[in-house]
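Undergrad: Next come the chains, spelled out residue by residue.
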Amino acid sequence: MVETLTPKPAPALVDPDQQFGQRASRQPIAGWGNFPVEECEVYRPDALNDLQEVVARAPEPDLIPRGLGRSYGDAALNRDRGVILSHRFDRMLAFDAASGVLHCEAAVSLAEVIETFVPRGFFFPVTPGTKFISIGGAIAADVHGKNHHSNGSMGEFVLDLRLLTASGEIVSCSRENNAELFWATIGGMGLTGFVIDARIRLLPVDTAYMSVQNERAANIDALLELFFESDGQYSYEVAWIDCLSRGASLGRSVMMRANHASLHELPPESRGAPTAFKEGLKTTIPFTFPNFALNSWSMKLFNEFFHAIHPNASKVVPCDNYFYILDRIHHWNRVYGKRGVVQYQFVLPRESSRAALVEILERLSEANRGSFLAVLKTLGPSSGGMLSFPTKGYTLALDLPHTGRDLVDELQAIDEIVLRAGGRVYLAKDACMRPEVFGEMYPHLERFKAVKANVDPEQRYASSQARRLGIVDAS
Amino acid sequence: MSGTEGVLLVGATSGMGRALARRLAAEGHALLLAGRDVDALSAIATDIEVRFETRVEARPFEALAFESHAGFFEDCVEHFAGNLHGLVMCHGQMPEQADAERDFALARRMIEVNYLSQVSLLNLAALHFEARQAGFIAVLTSVAGDRGRQSNYLYGSTKAGLSTVLSGLRVRLAKRDVAVVDVRPGFVDTQLTWGRPGLFLVASPETVAGDVLRGIRRGRAVVYTPFFWRGIMMIIRAIPDFVFRRLSL
Ligand SMILES: Cc1cc2nc3c(=O)[nH]c(=O)nc-3n(C[C@H](O)[C@H](O)[C@H](O)COP(=O)(O)OP(=O)(O)OC[C@H]3O[C@@H](n4cnc5c(N)ncnc54)[C@H](O)[C@@H]3O)c2cc1C
Ligand SMILES: NC(=O)c1ccc[n+]([C@@H]2O[C@H](COP(=O)([O-])OP(=O)(O)OC[C@H]3O[C@@H](n4cnc5c(N)ncnc54)[C@H](OP(=O)(O)O)[C@@H]3O)[C@@H](O)[C@H]2O)c1
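Chains as they are written, first to last, in this note's numbering: chain A, 1 to 475; chain B, 1 to 249.
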């Protein structure tokens with residue numbers, strides 16, 4: 001203790017609030033959909049002890065970790081309360097080239113992992129439609145890629161992780177160690193604590209290229225047939241659906257299937273450096289488009305264009321080009337204007353898929369709710385994460401321009417269809433779901449709440465989404 | 001700048017230090033990282049080793065322990081076996097001006113870290129580089145040193161003093177082919193500025209790091225980063241005193 005000689009220190013210096021040494025920045029923030037936008041007290045601790053100080057002493061009633069903000073809705077928001085950015089925990093801590101195990105902190109991005117390790121012959125085993133997500137976000141949403149049917153979700157590849165829990169303790173969890181907490185954290189949307197670092201198994205690859213096969217499907221039945229017949233042949237499968245086509249061509253689409261290319265598939269000029277990483281060209285959407293820019297006409301045009309440039313063909317392309325088409329346009333979400341976009345993604349069990357898919361696509365096309373990007377993928381069995389999204393079946397992801405209350409109503413109606421068909425909605429995309437529906441979609445919710453009650457009885461970790469969905473108390 | 005030349009980075013845990021460490025490693029330098037928080041330093045060092053497959057080491061350094069500086073510097077020179085080619089310093093503190101006005105202990109500590117400790121290290125480094133007859137010294141000062149503003153003059157004065165030291169040292173070492181670069185950042189998005197009001201045109205630490213490396217490569221005397229701060233500060237310096245008094249800068 002240092003005694004100060006000042007006879008009467010000015011109040012600001014002894015104010016207990018002043019002694020909490022971490023500054024928050026009050027900012028309006030949003031997920032990738034720009035809806036909703038919420039004012040939050042945002043912390044960005046630089047070191048572990050700063051982080052611990054925030055969790056222990058920040059004046060806000062609760063806090064939520066946030067990575068690169070690529071979830072669409074309110075999962076990484078906390079209205080008028082605390083948000084902790086993971087950004088400064090961005091270090092790679094070890095890599096073992098023999099086993100392909102990478103130990104890294106939560107804010108390391110997929111982009112960095114790919115850039116660093118593709119040249120050494122390793123790829124990220126689970127990759128979403130964007131590489132600008134953090135490892136922490138990938139774990140918290142138990143993300144899946146176009147290869148879920150063959151490889152599973154993020155949780156499969158996490159050997160162990162370290163969690164800063166509400167009590168301030170750093171708990172190491174794995175399948176063997178604190179297993180309940182581990183499976184609550186995989187897919188747990190940041191509600192069990194702050195993931196500090198993790199050890200992840202990367203996927204060995206021979207080249208930095210993908211061997212891609214594109215095939216058009218005239219309608220939904222032709223598409224489901226394609227998925228059915230290709231079972232097992234391709235590691236990666238994704239179909240882009242034109243949501244504006246109707247009637248006999250409802251579900252018109254382009255199926256893109258791929259495998260990591262082997263050395264002999266490469267064009268001769270690339271064989272000398274088979275794992276050299278080539279980044280796709282980049283452009284930026286420099287400003288937010290006016291709300292009217294995106295209408296059913298411009299979307300129809302886009303969908304026609306997309307279809308036209310993807311004839312049936314096979315080719316070998318750099319991995320960046322196959323996986324991250326959207327990343328090549330920085331800030332592409334700005335085309336949706338100030339009102340933002342709602343991503344909606346659900347999974348349906350195979351048996352009930354066709355009927356429910358048709359019902360949903362018809363509803364949307366009747367309401368003239370085009371989606372620039374409607375993406376259909378197959379999912380394999382669940383990982384064991386208590387709130388994880390993937391379950392066996394088909395998953396459809398839609399980008400819907402936010403038009404207001406009517407869109408929310410529409411999506412809540414679709415929630416019911418999904419629920420009746422035995423499916424569920426993805427929390428990393430969700431911004432509108434109601435708690436009753438959510439509770440029925442996620443059968444392990446009570447188990448999750450039990451873990452939460454144990455590790456975080458005071459609900460120090462909470463988000464706007466968790467309050468909306470009743471995962472934590474709504475007060 | 002060629003391959004295996006060693007660089008000592010003091011204040012490597014700072015926002016800009018971390019960005020600089022990666023940039024320097026990417027350009028092929030061998031690095032020694034110095035600072036107080038040894039755990040943080042070793043995480044930064046390991047990160048660079050994993051990403052760039054190079055060797056990086058950490059050394060404890062306390063700016064306020066002046067008597068330790070000579071030993072510390074000698075150890076760093078030895079570490080590179082005579083190949084210490086560059087020194088980059090980015091440690092610094094910026095308490096609230098109002099607090100520093102009231103609490104002399106706080107002001108004093110800032111002056112010791114931002115000014116005195118750097119003079120101490122620069123004295124040692126000058127001898128080393130003088131003998132080596134090659135290399136560079138780059139120090140992060142600030143645009144705040146260009147003119148005393150009521151909101152920040154105590155901090156600004158430490159940077160102005162430091163800039164003056166660098167200006168003289170530059171002349172002294174020019175004869176020996178050693179570049180002395182005075183880097184003056186504007187607002188940069190680090191822990192130092194996070195959550196403070198009144199910021200504008202905030203740059204990323206990566207932008208600054210890029211500018212620092214370019215400044216070193218070209219042997220610039222004074223680098224404003226981002227570049228437009230040169231113009232802004234020219235205007236601010238040109239404002240006549242009777243007007244400046246009325247501004248709430
Ligand atoms: C264009 C695009 C395509 C996408 N495609 C897919 C896809 O194909 N498959 C898929 O699964 N997802 C997809 N997503 C969603 C995205 O992968 C997930 O939302 C992911 O969680 C985003 O990571 P982030 O770092 O941006 O996390 P954020 O959005 O910042 O946070 C997401 C959640 O993770 C939690 N979290 C973040 N960091 C930590 C931490 N350190 N500790 C604890 N919790 C933490 C947050 O609290 C929040 O609940 C896509 C998103 C976009 C924008
Ligand atoms: N950020 C800006 O807007 C801005 C603008 C102009 C100039 N600058 C200057 O640029 C430099 C870097 O700034 P920054 O924003 O990157 O800093 P920062 O993130 O706040 O980090 C400050 C650094 O100073 C070190 N330090 C403080 N006291 C020390 C001591 N007694 N002994 C040893 N190290 C000590 C810290 O080490 P620990 O990790 O041990 O605490 C830390 O590495 C500073 O000189 C700053 O004044 C900053």
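Just to be clear, a hint being listed does not mean it is correct.
Partial list, derived from the structure: chain B residues whose beta carbon lies under 8 Å from chain A [claimed, not checked]:
hint: 1; residue: Asp37
hint: 2; residue: Val38
hint: 3; residue: Val50
hint: 4; residue: Trp194
hint: 5; residue: Gly198
If you're looking for bench data, these hints aren't it; they were derived computationally from the structure. Even for Gly, the Cβ is constructed at its ideal location relative to N, Cα and C.
Undergrad: Please go over all the hints and tell whether each is borne out by the structure.
TA: Taking the hints in turn, this is what the structure says about them:
1. Asp37: 6 Å, holds
2. Val38: 11 Å, violated
3. Val50: It holds, given that the least Cβ distance between Val50(B) and chain A is near 4 Å, below 8 Å.
4. Trp194: OK, holds: Trp194(B) within 8 Å of chain A, min 6 Å.
5. Gly198: 12 Å, violated
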